[in-house]
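The listed protein sequences correspond, in order, to chains V and L.
With the working numbering as the guide, the letters of the first sequence map in order to residues 1 to 775.
With the working numbering as the guide, the letters of the second sequence map in order to residues 1 to 493.
Please note that the accuracy of each hint is not assured.
Here are the computed lysine-lysine pairs in the DSS-like style, where the Cα-Cα straight-line distance is at most 25 Å [stated by the list, open to error]: (1) L:LYS429 with L:LYS399; (2) V:LYS425 with L:LYS477; (3) L:LYS243 with L:LYS350; (4) L:LYS237 with V:LYS272; (5) L:LYS237 with V:LYS125; (6) V:LYS710 with V:LYS451; (7) V:LYS745 with V:LYS170.
Quick look at which bits of chain L chain V covers, simulated, 3 or more residues with Cβ under 8 Å [as the list claims (entries may be wrong)]: (8) 38-45; (9) 383-396; (10) 446-454; (11) 464-471.
Quick caveat, the hints were computed from the structure, so don't treat them as lab data.
The C-beta atom is built at its ideal place from N, Cα and C for all residues, glycine as well.
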Amino acid sequence: MDSRPGKGMRVHQALRHDSALKHVSGEALYVDDLPAPSDMLHIYIAMSPHAHARILEMDLDAVRVVTGVAAVVSAGDIPGQNDVSPVAGDDPLFAEGEVYYAGQSLFAVAAESLEIARAAALEAKVQYEILTPLITIDQARQAGSYIEDSQTMACGDAAAALKNAPRRLKGRMIIGGQDHFYLEGQVALALPQEDGDMVIHSSTQHPSEVQHCVARVLGLASHSVTVEVRRMGGGFGGKETQPALMAAAAALVVRKTGRPAKLCLDRDDDMKLTGKRHDFEINYHVGFDETGRIEGIDLALASRCGYSEDLSSAINDRAMFHVDNAYFLGQATITSHRYKTHTVSNTAFRGFGGPQGMMGIERVMDEIAMALGKDPLDIRKVNLYGKAPRNITPYHQHVEDNVAPELITQLEAHARYRERRAEIKDFNRASPFLKKGLALTPVKFGISFTKTHLNQAGALIHIYADGSVHLNHGGTEMGQGLLIKVAQIIAEEFAIDLGCVKITATTTGKVPNTSATAASAGTDLNGMAALNAAQEIKGRLIAFAAKHYHCAREHISFSDNHVTIGNRVIAFADLVNQAYLARVSLSSTGFYKTPEIHYDRATHRGRPFYYFSYGAAVSEVVIDTLTGENKVLRVDILHDVGRSLNPAIDRGQIEGGFVQGMGWLTTEELYFDDGGHLLTHAPSTYKIPACSDRPVEFNIEIWEKGSNLKETIHRSKAVGEPPLMLAISVFSALGDAVASVAGHKFMPRLDAPATPERILTAVEETRRRAGVGKS
Amino acid sequence: MSDVIRFILDGQIQAVHNVDPELTLLNFLRTHWRRTGTKEGCAEGDCGACTIVIGEMRRGAVHYRAINACILFLPMLDGKELMTVESLRGRDGWLHPVQQALVDHHASQCGFCTPGIVMSLYAHYLNRGPVDVATLNDVLAGNLCRCTGYRPIVAAAQVMYDYPSPSGGLGDTETQTLLASIQRTSMLALVHECTRSGVMKKFFAPRTLDELSEAIGAHDDAVILAGGTDVGLWVTKQHRMLKTVISVGDVKDFDLWVDTDSTIEIGAGMRYGQAMARLGSYYPDMGALIRRIGSVQIRNSGTIGGNIANGSPIGDMMPVLIASGAILVLRKRNKTREMPLEDYFISYGKQDRQPGEFVEKIILPKPCAHQVFWAHKISKRFDQDISAVCGAFNFTIEKGHVKAARICYGGMAATPKRARACEDSLMGKLWSYAVVQDAMRALEKDYQPLSDMRASESYRMTVAKNLLYKCFLADTKNEEPLDILELAVESHG
Ligand SMILES: Cc1cc2nc3c(=O)[nH]c(=O)nc-3n(C[C@@H](O)[C@@H](O)[C@H](O)COP(=O)(O)OP(=O)(O)OC[C@H]3O[C@@H](n4cnc5c(N)ncnc54)[C@H](O)[C@@H]3O)c2cc1C
Ligand code: FES
Ligand code: FES
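Throw the hints in and build the complete structure from the sequences for me.
Take a look at the structure:
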């Protein structure tokens with residue numbers, strides 16, 4: 001259990017999180033904890049009560065005169081552009097002319113205290129002309145409201161294959177969205193600097209974007225804005241594009257008042273104002289043979305994007321990229337409709353559309369199994385990617401690193417899948433009211449940003465004359481352990497103790513133009529960039545030592561805080577100091593861009609992913625057929641992280657991601673009323689998994705044989721997102737339990753999240769169709 | 001009038017003058033004192049990021065409770081000991097066993113929930129609570145973590161007693177002496193002029209029942225404050241201003257438990273945490289249901305009297321208490337009156353309570369022979385959630401026939417309401433499947449439930465019926481498994 005960063009422990013070690021001691025002692029500082037300047041203002045954002053309305057008049061005079069109010073800012077106060085969007089230019093900081101969702105920001109009040117600001121905002125007189133909102137996918141479909149053109153990805157002739165297939169079936173599934181529910185809400189602290197410059201502490205996964213957005217809003221050049229983030233209290237994708245709004249509002253207040261300003265959303269406002277995981281509707285038409293092998297498939301995805309584009313384009317693309325999951329779909333047509341609605345603009349969330357796509361195909365697997373009266377695992381197995389030609393994805397990338405068959409076989413045995421299947425059958429036969437279900441589902445997840453240019457990263461390393469190392473890169477820490485992993489890589493490279501490497505806050509002042517810490521690629525990209533910087537300095541040290549000690553380069557090596565130079569051994573710190581005295585530069589940037597990838601979005605063909613991460617899970621559940629209540633009894637996971645850089649951190653990602661995925665598919669329900677108001681906007685009504693919801697028995701194994709075929713950092717694989725999708729096994733097992741009430745004769749219509757209500761409804765419907773009573 | 005609040009923190013008596021009595025402890029800690037280890041995740045008692053520990057003298061010993069600081073008003077701390085996450089490090093700088101165990105088990109990722117989790121476990125550690133999985137699930141039900149999936153947290157808690165005991169801190173007797181020195185003999189009375197509005201806010205914390213009834217009688221517009229698990233949210237979520245508050249928390253014997261031959265009397269100020277095991281020993285399902293009210297933190301604050309007085313149609317105590325046949329005792333100055341609890345709820349948001357009156361106690365009969373008492377709550381999430389439907393059933397079954405029936409549901413109507421038609425359809429009948437089926441249908445006459453974000457009308461009705469069926473099954477079947485939780489334990493081995 002000793003996980004202290006001691007001697008000789010570097011990569012592939014189960015080291016504790018670099019901030020663990022600070023977490024437990026309360027010393028870790030988050031943005032809201034930073035010492036506040038005494039003249040700091042507190043900002044409250046006033047939000048639209050309507051989903052769609054024209055603003056006829058917005059009179060804020062009464063707000064301005066409230067004692068304690070220092071400034072009120074709205075669209076007219078913006079010196080630059082009224083836009084905090086990541087790509088499309090369609091996310092106003094403050095509404096102008098029309099409001100497009102209930103919760104949209106109207107104006108900001110800055111006051112001596114948050115209470116004053118909030119109370120003052122109520123004094124605003126805003127007149128609206130209410131317009132008809134489009135809230136649901138259906139409404140948007142009927143109105144023809146899209147954020148962009150529908151996309152189609154095709155491989156072969158799906159229509160013909162469907163026509164010729166021996167068996168066919170059709171179905172439809174609705175998959176709800178998900179709030180990130182990072183424990184730390186959105187927050188930004190803006191500090192005025194000379195020349196009108198701005199320093200911003202933001203809880204963001206994407207400091208560069210916040211920087212660029214703030215500059216755009218203020219009409220400044222990017223070099224006038226510095227954004228810093230030491231850590232976030234959770235991100236999960238929710239702090240990729242969303243933090244720009246808080247930062248820009250705070251910066252605008254600073255610009256207007258010359259005083260420091262903080263904007264910290266409370267939970268309700270955060271949940272109403274910020275984007276979430278897209279909800280999806282998936283329609284499938286699949287043709288297959290008697291073994292269950294898919295011959296042709298037509299998949300139509302539809303998602304609710306909300307009022308603006310945000311990252312919806314890439315998210316829906318990724319959903320398309322993952323409707324195959326680990327399966328060869330044969331002749332496939334995949335279409336994707338991206339609906340524009342008067343709801344909050346949905347955004348990145350761990351998996352980035354991948355989970356929704358995958359959920360769709362896993363439902364298809366269960367349907368086929370039900371239709372053929374076979375075990376769903378057998379259907380999954382016959383459809384896995386294999387040797388050519390069964391290795392081509394619908395986007396024409398070849399699957400070259402397929403370990404799914406081996407993983408599944410190993411997990412099937414370890415988890416005693418077949419035996420338990422039989423035991424569950426016996427149990428269900430003898431148990432009229434409680435029913436168990438079982439499912440094994442795999443995950444294959446493509447690693448790389450699908451927008452190719454984002455696959456780049458930078459780093460900056462200094463070594464000081466005493467031998468201590470200052471490490472910085474563009475990646476941000478949200479709990480996922482990125483900073484410790486990169487520090488391990490650097491310690492390994494110099495063969496020095498981890499304690500010699502100082503982890504520092506991410507700042508746009510040190511590494512520019514970074515990509516978001518997202519797409520699971522944080523370590524892959526930043527680890528490599530940092531390694532590049534370290535190797536640069538190491539190269540200089542070696543060159544210096546070779547010359548200084550008249551020794552061939554090949555006879556110089558680093559180990560255990562020392563450097564061996566021929567038959568001389570000197571301390572690393574001593575060599576560094578000697579190099580300094582000899583005027584060798586001990587600072588270097590590093591850079592990395594992922595090789596091999598390319599993608600043509602017009603044809604939806606190419607090689608968007610450098611490699612794939614794999615995993616599989618077996619879940620066993622029990623449901624109460626009288627109430628719909630349920631419990632996850634046991635989960636076994638086997639997951640491939642390549643050669644793990646830090647098994648403790650990776651395990652944390654696997655189990656935490658899994659439970660988060662369970663929440664998405666079971667208890668977390670975003671409930672909008674007909675007027676488009678989110679009614680589940682706090683933990684009292686929005687239920688993420690609590691402690692007792694985790695699987696009763698939870699066995700997690702990191703695949704021992706794991707190694708990346710590609711030359712990733714120490715042959716590791718990305719781990720942030722993929723495990724979330726292992727939780728599809730829970731949903732599938734719940735469906736299996738429901739189907740057991742009618743002897744698996746019918747596929748229950750079960751949508752996500754599978755709340756007790758949906759499960760009970762599915763049970764009753766399944767019984768009705770089968771003509772069986774309540775027993 | 002006194003304007004000072006006194007409590008103990010880190011071995012020192014702290015005196016806080018002239019604060020807004022509605023200031024929450026969380027805001028006080030974070031903004032006034034810059035003790036920022038305690039976090040805000042929701043400001044409504046649901047996430048646990050703000051958990052702190054309070055120690056107080058009770059019958060000769062110091063008792064410790066984990067509490068949500070986000071909905072605790074600062075004056076409620078008067079006379080108590082406060083411990084925050086910053087209080088834990090020993091004098092030598094070492095981590096407390098709870099903290100070290102969490103570190104060793106990789107139980108923090110983003111770390112934002114961690115201080116709250118530390119404090120929940122710390123309270124449990126101080127109370128030398130057991131560390132079996134079921135207990136720990138319960139101890140942590142009020143601490144949400146979005147990153148870890150909880151397993152490492154539970155694993156750490158299971159071994160927390162294996163670490164060497166912490167050094168430093170106050171000894172028990174020192175704490176007792178300090179606590180004794182800040183106890184009041186007379187009512188705490190704070191007056192605070194709100195700088196912004198000029199409103200004079202008043203806060204009273206009487207010591208005796210007589211003082212209390214006098215204060216409530218004298219200020220019949222005052223908000224009565226018990227645990228604050230409803231009232232706190234009026235301030236933190238609805239941003240209401242409370243002008244006069246009368247806190248019952250320090251009233252001696254307001255949490256009395258009196259056991260007579262045939263009844264149990266419960267003081268209105270009894271907290272869930274105090275009542276759970278005791279009520280459970282008479283009515284196991286009542287105990288089990290209370291265990292599902294809120295979290296440990298909520299049950300450490302929330303009172304039964306507060307649940308009743310609040311009058312919510314989805315409050316969980318009403319169905320069980322009404323089904324049991326509880327009598328409510330109201331008091332105004334020296335006059336008391338009694339009524340069957342079900343008669344107290346007139347319509348949504350309206351109860352039969354007059355100005356100056358307060359809930360003094362609840363009297364419920366002890367269970368008798370041939371009685372079947374069963375209760376269950378349905379919610380989206382099993383732990384720490386508000387009921388969609390809560391059903392409680394109390395039958396006397398003699399010679400296979402229903403001799404008496406009291407059925408009450410929450411979540412099915414605008415008030416907690418008895419199912420009279422359903423009861424009538426059962427009375428005198430054979431306790432049988434067919435009769436129960438009829439009784440299930442009769443519920444349609446009793447209720448027209450609503451649809452909302454917790455459940456649809458049709459689910460509420462279906463599940464209400466099925467709860468009655470489950471009650472019947474629980475009484476009559478002993479072969480087939482009926483409770484998913486039993487399986488959860490079983491498969492865990
Ligand atoms: C996170 C969370 C979870 C919760 N979960 C549940 C749950 O699962 N089930 C459930 O039923 N409830 C739940 N609640 C609400 C529950 O805690 C309250 O209803 C509680 O019982 C109220 O008691 P209190 O002592 O906190 O009352 P307070 O909040 O202090 O007061 C509540 C109301 O009662 C009045 N009052 C209090 N005492 C008296 C008295 N003696 N005489 C007259 N009036 C009085 C007050 O003026 C106020 O109107 C939850 C609350 C929170 C914050
Ligand atoms: S802040 Fe969430 S419980 Fe207090
Ligand atoms: S560690 Fe992030 S919420 Fe628990």
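Taking the hints in turn, this is what the structure says about them:
1. L:LYS429 with L:LYS399: Status holds; Cα separation ~11 Å.
2. V:LYS425 with L:LYS477: holds (21 Å)
3. L:LYS243 with L:LYS350: Satisfied, since the Cα-Cα distance of roughly 21 Å is no more than 25 Å.
4. L:LYS237 with V:LYS272: holds (14 Å)
5. L:LYS237 with V:LYS125: holds (22 Å)
6. V:LYS710 with V:LYS451: holds (20 Å)
7. V:LYS745 with V:LYS170: holds (16 Å)
8. 38-45: holds (count 7)
9. 383-396: With 5 residues closer than 8 Å to chain V, the stretch 383-396 of chain L meets the three-residue bar; holds.
10. 446-454: holds (count 3)
11. 464-471: Coverage by chain V holds for the stretch 464-471 of chain L (4 residues, Cβ < 8 Å).
Taken one by one, the earlier hints all hold for this structure without exception.
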